[in-house]
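Build out the structure end to end from the sequences listed, making use of the hints.
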Amino acid sequence: LVERKGIPVGIITDTAIVHKAVGLKKNLDETKVESLMTSPLPTIQLAQTSHDALDLMGDLGVRHLIVCDGPKIVGLISARDLLVYFGSVSEPRIGVD
3 LVERKGIPVG IITDTAIVHK AVGLKKNLDE TKVESLMTSP LPTIQLAQTS HDALDLMGDL
63 GVRHLIVCDG PKIVGLISAR DLLVYFGSVS EPRIGVD
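The opening position of the sequence shown corresponds to residue 3 in our numbering, with each subsequent residue numbered one higher.
Since the hints were derived computationally from the structure, they do not count as laboratory data.
Mixed in with the good hints, there may be bad ones.
As the list claims (entries may be wrong) - For lysine-lysine, the following BS3-like pairs were computed, each having C-alpha atoms within a straight-line distance of at most 27 Å:
#1 K74 - K7
#2 K34 - K22
#3 K7 - K22
#4 K7 - K34
Bear in mind that the values here come from a model prediction, so they are computed numbers and not experimental data.
Set out below in structure tokens:
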């Protein structure tokens, strides 16, 4: 998380670094955090469903969401987390449809 005066204002992910800095051949020693971060923070409330999280990630074009309980940040969920979860609760399928 990126904070300004103790208040979260953005998030930097490995994907953002690759796309916004390395892919554009920027000098990382001179690249400011602000130019790499996703802002405003993509958030989801703790009470929302995993399907809500997946839909929101798709709508926002992000792979990580900050999880909040009201105004308090309580965690982070990633697209990978959702893939693992959905893979563990799916019925195995055999054969071809």
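Evaluation of the provided hints:
{"no.": "1", "hint": "K74 - K7", "result": "holds, 16 Å"}
{"no.": "2", "hint": "K34 - K22", "result": "holds, 11 Å"}
{"no.": "3", "hint": "K7 - K22", "result": "holds, 25 Å"}
{"no.": "4", "hint": "K7 - K34", "result": "holds, 17 Å"}
Hint check: no violations occur; every hint is consistent with the structure.
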